[in-house]
Amino acid sequence: YIVTIRVKPDHSGVVTDGVKHSMNPFCEIAVEEAVKLKEKKFIKEVVAVSCGPTQVTETIRTALAMGCDRGIHVEVSGKDYEAMGPLQIAKIFAALAKKEEASLVILGKQAIDDDCNQTGQMTAALLDWPQGTFASEVTIDGEKVKVVREIDGGLETIKISMPAVLTADLRLNTPRYATLPNIMKAKKKKIANMKPADLGVDMVSRVEVLRVDEPPTRLAGVKVETVDDLVAKLKANGTI
Amino acid sequence: MFPASRYSIQAQRCIRALKTVQAEHAPPQHYTWRRNCSSAVMPRITSHYTIFPRDKDPRWEGVEMERFADEADVVIVGGGPAGLSAAIRLKQLAKEQEKELRVCLVEKASQIGAHTLSGACLEPSALNELFPDWKERGAPLNTPVTEDLFSILTEKYRIPVPMLPGLPMNNHGNYIVRLGHFVHWLGEQAEELGVEIYPGYAAAEVLFHEDGSVKGIATNDVGIAKDGSPKDVFERGMELHAKVTLFGEGCHGHLAKQLYRQFNLRENCEPQTYAIGLKELWVIDEKKWRPGRVEHSVGWPLNRNTYGGSFLYHLNEGEPLVALGFVVGLDYTNPYLSPFREFQRWKHHPFVAKTLEGGDRIAYGARALNEGGYQCLPKVTFPGGMLIGCSPGFMNVPKIKGTHTAMKSGMLAAEAIFPKVTAEDPASETAGLHIPEYEDNLKKSWIWKELYAVRNIRPSFHNYFGLYGGMVYTGVFYWILRGKEPWTLKHAGLDSAQLKPAKECTPIEYPKPDGKLSFDLLSSVALSGTNHEGDQPPHLTLKDDSIPVANNLAIYDGPEQRFCPAGVYEYVPLETGEGMRLQINAQNCVHCKTCDIKDPSQNINWVVPEGSGGPAYNGL
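Quick note, the sequences are listed as chains A and B, same order.
Residue numbering for the first sequence follows the numbering used here, beginning at 1 and increasing consecutively.
Residue numbering for the second sequence follows the numbering used here, beginning at 1 and increasing consecutively.
Since the hints were derived computationally from the structure, they do not count as laboratory data.
Keep in mind that the hints are not guaranteed to be accurate.
The list that follows gives simulated cross-link-like pairs (lysine to aspartate or glutamate, EDC-like), each with its CA atoms no further than 20 angstroms apart [claimed, not checked]:
| no. | chain 1 | residue 1 | chain 2 | residue 2 |
| --- | --- | --- | --- | --- |
| 1 | A | LYS189 | A | GLU45 |
| 2 | A | LYS187 | B | GLU533 |
| 3 | A | LYS20 | B | GLU533 |
The following residues of chain A were derived to be distant from chain B, with all beta-carbon distances above 10 angstroms [what the hints assert, rightly or not]:
| no. | residue |
| --- | --- |
| 4 | VAL3 |
| 5 | ARG6 |
| 6 | HIS11 |
| 7 | GLU101 |
| 8 | PRO130 |
| 9 | ASP141 |
| 10 | ARG176 |
| 11 | TYR177 |
| 12 | LEU180 |
| 13 | PRO215 |
| 14 | PRO216 |
Have a look at the derived ranges for each label pair, beta carbon to beta carbon [unchecked claim]:
| no. | chain 1 | residue 1 | chain 2 | residue 2 | range |
| --- | --- | --- | --- | --- | --- |
| 15 | A | THR54 | B | GLU509 | 48 to 56 angstroms |
| 16 | B | PRO507 | A | ASN117 | 46 to 54 angstroms |
| 17 | B | ILE508 | A | LEU219 | 27 to 35 angstroms |
Only a predicted model underlies this, so the values are computations on that prediction, with no experimental measurement involved.
Glycine included, every Cβ here is placed at the ideal spot set by N, Cα and C.
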């Protein structure tokens, strides 16, 4: 994920052409958890979903190589893709969860490009399902899920009934590597293709990005010798 | 251990002395030896399994080491111009003749083009042969060369040199390209033709049949911890078997290094000599932008006996972008020379600074390149495989172009392989096919003619007048006589043997980076986007952990801390006791291979790290 980000010359966003895209690290953890639950026989099938242009099929293949059974690629490209935000994605996931009759929707807690931390919560709200966010431990107990959540105060343990939405936090697990033989096998697994319109989702964004700028360069600090110096400098630049 | 003839007398004495001196008593007349070094406890640096085999390591007992294997017709190592051209040509032939062929290509970068770095002025000759309709297919050749300048720089002034037609540097008809984008486009063409491309998987091991021929390659293992022990997520790499394996790892490939020894491919050629190229991309002030302009210079800041020069190309891709860089021959003798800092210093020359003023640097990278040419070409075929591209080294040094010859070598390899690999009965003596027709095709092609004509230009620099002698030689023998002189000059020998001991040389005073035109090393490394999984054994392996301090630091003042363009090697004071130790910051590595080439002790062996690690170049 170490790429040098550049703001586009017209300040409408960042340059993404030619930049290597990969699976969001928290989503890798989510995929790993889903595959682990399947290996422990709590769930029968894992479906990997991604929304975006054709390149996202590579990311879906990685998920399939990690152990998912099939993939769904929701095609969003061009202007729709640039304007796509958590709300649109949440609507797509909610529609898919109902269509596929899912018992669990597992996502990463946030995407590291926008750091929104909204998609999981919005999906749960749209579906009116319980949510276990910032999960650092997930245990399935019959029809209920016990989730240990990482919160500012420490750890909170909750029990929610399925179907539910879970979002993965860093310490949930260590994702496995997608090995080459698995990538080769994943080429044979199916990835279904659909558009948001097929799910009855409108992609109109309620948010308009006005301008993107780089953070201002940090100015050098100045060391002062005495308190009087400090007061004088603060007065000089208008702070006091 | 070390071939005796390749090392200076002093180095030989040191190496012999090292084996006998265990305690602090060093014969003082031979080298400056810090008394406390050998008695202090050095933390272990190398933990890679190529140095410490796992079958003798108790931590690996019981770990499943079986590998999954798959068969292809042809396996290609390396997704650069040579590898991709070979793959494309194979699939084109298969389509023409309606035959089935499974071609698999493995590439260590996370995506095709991410480890590609070059100037670059592309001569479209090979591309015209591969895809005559490249323009319709959208190849990113957007900047035809319009202006060609050559200068000799002094500290303040510039002496223009006329770029007469017929001189090797003349660029009429060529295109300035961002090679990373071009390679990415080649990758897309290859995938469309059905080549199986696997980026993010490095070829870590060559596999052999029982009869000694090459069986294929194995990709890297993942999930080994920094100390060499297996992690929970440990997974063995995969084996890819093929009838023929093509090795297109680029300049100084690590598997090619093994193959040279295994099959004795270098017995009739000179040792390869190299240079390091550092490059930056800048967005400049629109008023200074001249799309299609090519500028080359020699001279300042290098002295006349250090081979090197600069390039500055104005690209035409929408925004006012220039690609600029500096090349330093790795046969330099002064261990205090830092190619990175020479590059940064060069940018302050008035002729260069006026283009860059007010601009922003957006990318940085570095890579070693071949300078040997004709004299250093090894045997390129062996049972079960062959070498293509910059790995054996087809670069035309005075033209500073190697992409067209690399592509052509890949195409010739494909044309030689195709009939053998699709034949009903391969009629081969060895299990892996030996196809010497490839070498014959090379010798009959324009690559050979081109390299032969320019073979004496680079070695002509080894005279008292250095650069100026070389330029006079080029003017007389190449421009007028077209390289037809009956003699072939020799290079100076192994690059690693050229360094003089530090006490015989003067340290170079480099100016501090000003943050506007010149920059410090670490911010440059950050721009390369390089990263590696932190918890893995350092891939810059040392055959002997004690040699860096004992030899490199003691005699040459640690040249690796200066020639590495990514700050991987640092000599830091020991935590307890006196003396220094070598710290290897493997995560910074940009895979340039300079350390493997220039290490005076030839103790550093670069091996491939976990796949998808390394730089993230975008169109460099």
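Against the structure, the hints come out as follows:
Only pairs whose Cα atoms come within 20 angstroms are accepted, and A:LYS189 paired with A:GLU45 is accepted, the gap being roughly 13 angstroms. Of the pairs offered as hints, the one joining A:LYS187 and B:GLU533 is violated, with about 26 angstroms between alpha carbons and a cut-off of 20 angstroms exceeded. A C-alpha spacing of about 16 angstroms is found between A:LYS20 and B:GLU533, which places the hinted pair at or below 20 angstroms, so the restraint holds. With a closest Cβ-Cβ approach of about 5 angstroms to chain B, A:VAL3 is found to fall inside the 10 angstroms limit, against its non-interface label.
Once the 10 angstroms rule is applied to beta carbons, A:ARG6 is inconsistent with being away from chain B; the minimum gap is 6 angstroms. No Cβ of chain B approaches the Cβ of A:HIS11 within 10 angstroms, the least distance being about 13 angstroms, so the stated non-interface status holds. A cut-off of 10 angstroms between C-beta atoms confirms that A:GLU101 is not in contact with chain B; the least separation is 32 angstroms. Every beta carbon of chain B lies more than 10 angstroms from that of A:PRO130, the smallest distance being close to 31 angstroms; the non-interface claim holds.
The beta carbon of A:ASP141 sits about 25 angstroms from the closest Cβ of chain B, which is more than 10 angstroms, so the claim that it is off the interface holds. The beta carbon of A:ARG176 sits about 5 angstroms from the closest Cβ of chain B, which is not more than 10 angstroms, so the claim that it is off the interface is violated. Listed as outside the interface, A:TYR177 is inconsistent with that label: its C-beta sits roughly 4 angstroms from the nearest C-beta of chain B, within the 10 angstroms cut-off. Residue placement check: A:LEU180 does not keep its beta carbon more than 10 angstroms from all beta carbons of chain B (closest about 4 angstroms).
No Cβ of chain B approaches the Cβ of A:PRO215 within 10 angstroms, the least distance being about 15 angstroms, so the stated non-interface status holds. No beta-carbon of chain B is positioned within 10 angstroms of the beta-carbon of A:PRO216; the least distance is around 15 angstroms. In this structure the supplied range 48 to 56 angstroms holds for A:THR54 paired with B:GLU509, their Cβ-Cβ distance being about 54 angstroms. Between B:PRO507 and A:ASN117 the beta carbons are some 53 angstroms apart, a value that agrees with the proposed interval 46 to 54 angstroms.
For B:ILE508 and A:LEU219, the Cβ-Cβ distance of about 33 angstroms falls inside the hinted range of 27 to 35 angstroms, so the restraint holds.
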